[in-house]
Amino acid sequence: MKNVFHIFEDRGFIEQATDRELVRELLENPTTCYIGFDPTAKSLHVGSLLPIMSLVHMQRAGHRPIGLVGGGTGLVGDPSGKTEMRNILTLGEINENAEALKKQLSRFIDFSDGKAIIANNADWLTDLPYIEFLRDIGRHFSVNRMLAAESYRARLETGLSFIEFNYMLLQAYDFWYLFKHYDCRLQMGGNDQWGNILAGADLTRRLEGEVIHGLTFPLLTTSSGIKMGKTHKGAVWLDASLTSPYDYYQYWINQDDGDVERFLGLFTFLPMEEVRQLGRLKGADMRTAKEVLAYEATKLCHGQKEADHAREASQQLFGPDREKSPEAAPTYSIGQEELDQGIPAYILFEKSGLCKTRSEARRLISQGGGYINGQRVKTFEQAININDLQQDCLLLRAGKKRYVRITQE
RNA sequence: GGAGAGGUUCCCGAGUGGUUAAAGGGAGCAGACUGUAAAUCUGCCGGCUCAGCCUUCGGAGGUUCAAAUCCUCCCCUCUCCA
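Heads up, the first sequence is in numbering that gives the first Met the number 0, so the first residue is 0 and it goes up one at a time.
To be clear, the hints were calculated from the coordinates, so they are not data collected in a lab. Heads up, a few of these hints could be off.
[To be verified] Below, a list of computed lysine-lysine pairs in the BS3-like style, where the Cα atoms sit at most 27 Å apart: (1) Lys304 / Lys101; (2) Lys400 / Lys281; (3) Lys41 / Lys281; (4) Lys399 / Lys281; (5) Lys298 / Lys1; (6) Lys350 / Lys377; (7) Lys400 / Lys298; (8) Lys179 / Lys101; (9) Lys114 / Lys102; (10) Lys114 / Lys298; (11) Lys1 / Lys114; (12) Lys399 / Lys355; (13) Lys101 / Lys298; (14) Lys41 / Lys1; (15) Lys179 / Lys355; (16) Lys114 / Lys179; (17) Lys102 / Lys232; (18) Lys114 / Lys304; (19) Lys232 / Lys377; (20) Lys101 / Lys232; (21) Lys399 / Lys232; (22) Lys298 / Lys281; (23) Lys114 / Lys232; (24) Lys41 / Lys102; (25) Lys400 / Lys377; (26) Lys102 / Lys350; (27) Lys102 / Lys179.
[As the list claims (entries may be wrong)] Label pairs and their calculated CB-CB ranges: (28) Pro329 / Arg134: 31 to 37 Å; (29) Asp307 / Lys232: 18 to 24 Å; (30) Lys304 / Leu218: 29 to 35 Å; (31) Pro128 / Arg19: 37 to 43 Å; (32) Lys1 / Gln389: 30 to 36 Å; (33) Asn372 / Arg152: 52 to 58 Å; (34) Asp18 / Glu92: 34 to 40 Å; (35) Lys281 / Ser141: 51 to 57 Å; (36) Lys114 / Gly158: 52 to 58 Å; (37) Val142 / Ala283: 55 to 61 Å; (38) Val142 / Thr330: 23 to 29 Å; (39) Lys1 / Pro329: 37 to 43 Å; (40) Lys304 / Ala382: 35 to 41 Å.
Bear in mind the structure is a predicted one, so any value in this text is a computation, not a measurement. We put the beta carbon where it would ideally sit given N, CA and C, even for glycine.
Can you build the whole structure from these sequences, using the hints too?
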């Protein structure tokens, strides 16, 4: 089996490593590694996809991944890469989120038979005795050195509370703890975690005299330098009830040309020869590569069946017969009474979820961005009624890409 | 604890009594162009029962015909001093 380190290198996962040569050697043999996930929301979003993919690669290569849910650290708040102090969550919220995270990770990683582990650092952090912690752990940290860390330096400008300042110690403790209890010798994470990862490796060296390692991934931005994962509707979630597989598929197909090859490497398991080949496509052919990316990414997250649906739906809605076969679009049903009476177009656009407010719907339609069955809506108060139904439904479109099918209840 | 600075619409950031739903930029949306891409140009960008009305400038009161702008108290942040 190929060393995962080469796979990571080849596919563009690596930003920094504590020692490339040693990490590569380490990964010659089955190794336990971990990545922390913050339980700040009830679902992960595409921002966490890169770490997840790395764990999948690890598992496929015969290593043992640990998904660490930051139940304990979530009670504190991580300053890394944030300019504002984050909201501190209650224990209840965190546990709820932690549960949900576990479920999501299981879609990507096989947790059976100890092939992977899910851990929650609340289990060992919440009961830490303060004095002992200071004595045994705190003494190994130099404040001078911590302040030199980029993540803290930035926060020094805007203010940094003591509890946040301790985050690094806690995460370092996590790494040591996982090393101690699971023989975990590699921590991975986004490049914003570099300082924290180093701290953990450092702590373990001091406490145990053992050298353990860290690896970071590039922070993902699109070619235009914007953080990934935001759309008109907000964050792109991995949970199908928050972001539908169709929207998820669409998210990927709408990526910039310049990102496609990189994303194929990171977010699919296609062989790299194929990825490079797809990346070489020029002009409109690039769409093929995007379709592959969208399909593969959706398949990984939501399964083949959903991916097939999403692809079909997209092909119908964006193919040569667009507007003709709207079964594929997300559906919203409306009461018969309302339809009989006729409903103003802008209200329908708002109700169907295409616009967040009625004002937005008015604006959209006034600017010529509202369509019904492929026809531009002329005025926002235009009444939509039963006569507009074609084969029992009508197709609403906002702008060029966003569709909703309206059916009668 | 003392002294000073500051909290403005999604973000950054102007505004220091009426002409301010609040400059400018970013993000976002729409139109044109296109390949469900990018770039570019144009328009939009608090809400609503929308030629009008309502709600916003940390919070609560007050002055005034009129306040984001003035006063009082409170909350929070930053800087310096201890």
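For each hint, the structure was consulted:
1. Restraint check: the Cα-Cα separation between Lys304 and Lys101 comes to about 22 Å, which is no more than 27 Å; the hinted pair holds.
2. For the proposed pair Lys400 and Lys281, the alpha carbon gap of about 23 Å is at most 27 Å, so the pair holds.
3. Of the supplied pair hints, the one linking Lys41 and Lys281 is violated, its CA atoms being roughly 39 Å apart against a limit of 27 Å.
4. Distance hint between Lys399 and Lys281 is fulfilled; the C-alpha atoms sit about 23 Å from each other, no more than 27 Å.
5. Of the pairs offered as hints, the one joining Lys298 and Lys1 holds, with about 24 Å between alpha carbons and a cut-off of 27 Å not exceeded.
6. A C-alpha spacing of about 19 Å is found between Lys350 and Lys377, which places the hinted pair at or below 27 Å, so the restraint holds.
7. A threshold of 27 Å between alpha carbons decides the hint, and for Lys400 with Lys298 the separation of about 21 Å falls inside it, so the pair holds.
8. Of the supplied pair hints, the one linking Lys179 and Lys101 holds, its CA atoms being roughly 23 Å apart against a limit of 27 Å.
9. Simply put, Lys114 and Lys102 have alpha-carbon atoms about 16 Å apart, close enough for the 27 Å limit, and the pair holds.
10. Of the supplied pair hints, the one linking Lys114 and Lys298 holds, its CA atoms being roughly 22 Å apart against a limit of 27 Å.
11. Between the alpha carbons of Lys1 and Lys114 the distance comes to roughly 19 Å, so the proposed pair stays at or under 27 Å and holds.
12. A hinted pair counts as satisfied when its Cα atoms are at most 27 Å apart, and Lys399 with Lys355 qualifies at roughly 17 Å.
13. For the proposed pair Lys101 and Lys298, the alpha carbon gap of about 19 Å is at most 27 Å, so the pair holds.
14. Under the criterion of a C-alpha separation no larger than 27 Å, the hint pairing Lys41 with Lys1 is inconsistent with the structure, at around 36 Å.
15. A threshold of 27 Å between alpha carbons decides the hint, and for Lys179 with Lys355 the separation of about 50 Å lies outside it, so the pair is violated.
16. Note on Lys114 and Lys179: the hinted pairing holds, with a Cα-Cα distance of about 18 Å set against a maximum of 27 Å.
17. The suggested pairing of Lys102 with Lys232 holds, with an alpha-carbon distance near 24 Å, which does not exceed 27 Å.
18. The straight-line distance between the Cα atoms of Lys114 and Lys304 is roughly 26 Å, inside the 27 Å bound, and the hint therefore holds.
19. Of the supplied pair hints, the one linking Lys232 and Lys377 holds, its CA atoms being roughly 25 Å apart against a limit of 27 Å.
20. With a C-alpha separation of about 25 Å, the suggested pairing of Lys101 with Lys232 holds against the 27 Å cut-off.
21. Restraint check for Lys399 and Lys232: satisfied, since their Cα atoms lie roughly 15 Å apart, inside the 27 Å limit.
22. Between Lys298 and Lys281 the CA atoms are separated by roughly 25 Å; this keeps the pair inside 27 Å, and the hint holds.
23. With a C-alpha separation of about 36 Å, the suggested pairing of Lys114 with Lys232 is violated against the 27 Å cut-off.
24. Between Lys41 and Lys102 the CA atoms are separated by roughly 11 Å; this keeps the pair inside 27 Å, and the hint holds.
25. Between Lys400 and Lys377 the alpha-carbon distance is near 19 Å, which keeps this suggested pair within the 27 Å criterion.
26. Between Lys102 and Lys350, the direct Cα distance comes to roughly 32 Å. Violation of the 27 Å bound is thereby established for this hinted pair.
27. Distance check on the hinted pair: Lys102 and Lys179 sit about 26 Å apart at the alpha-carbon level, within 27 Å; holds.
28. At roughly 58 Å, the beta-carbon separation of Pro329 and Arg134 lies outside the given 31 to 37 Å, and the hint is violated.
29. At roughly 23 Å, the beta-carbon separation of Asp307 and Lys232 lies within the given 18 to 24 Å, and the hint holds.
30. Between Lys304 and Leu218 the CB atoms are about 33 Å apart, so this pair conforms to the stated range of 29 to 35 Å.
31. Hint check: Pro128 to Arg19, Cβ distance near 38 Å, so the stated range 37 to 43 Å holds.
32. For Lys1 and Gln389, the Cβ-Cβ distance of about 54 Å falls outside the hinted range of 30 to 36 Å, so the restraint is violated.
33. A beta carbon spacing of about 57 Å between Asn372 and Arg152 agrees with the range 52 to 58 Å that was offered as a hint.
34. For Asp18 and Glu92, the Cβ-Cβ distance of about 39 Å falls inside the hinted range of 34 to 40 Å, so the restraint holds.
35. Checking the proposed 51 to 57 Å range against Lys281 and Ser141 shows it holds: the Cβ atoms sit about 53 Å from each other.
36. Between Lys114 and Gly158 the CB atoms are about 44 Å apart, so this pair departs from the stated range of 52 to 58 Å.
37. In this structure the hint that Val142 and Ala283 lie 55 to 61 Å apart at CB holds, the actual value being about 57 Å.
38. Distance hint check: the CB atoms of Val142 and Thr330 are about 58 Å apart, inconsistent with the given range 23 to 29 Å.
39. For the pair Lys1 and Pro329, the beta carbons lie near 41 Å from each other, so the given range of 37 to 43 Å is met.
40. At about 39 Å, the CB distance of Lys304 to Ala382 agrees with the hint of 35 to 41 Å.
In this structure, the hints that do not hold are numbers 3, 14, 15, 23, 26, 28, 32, 36, 38, in rising order.
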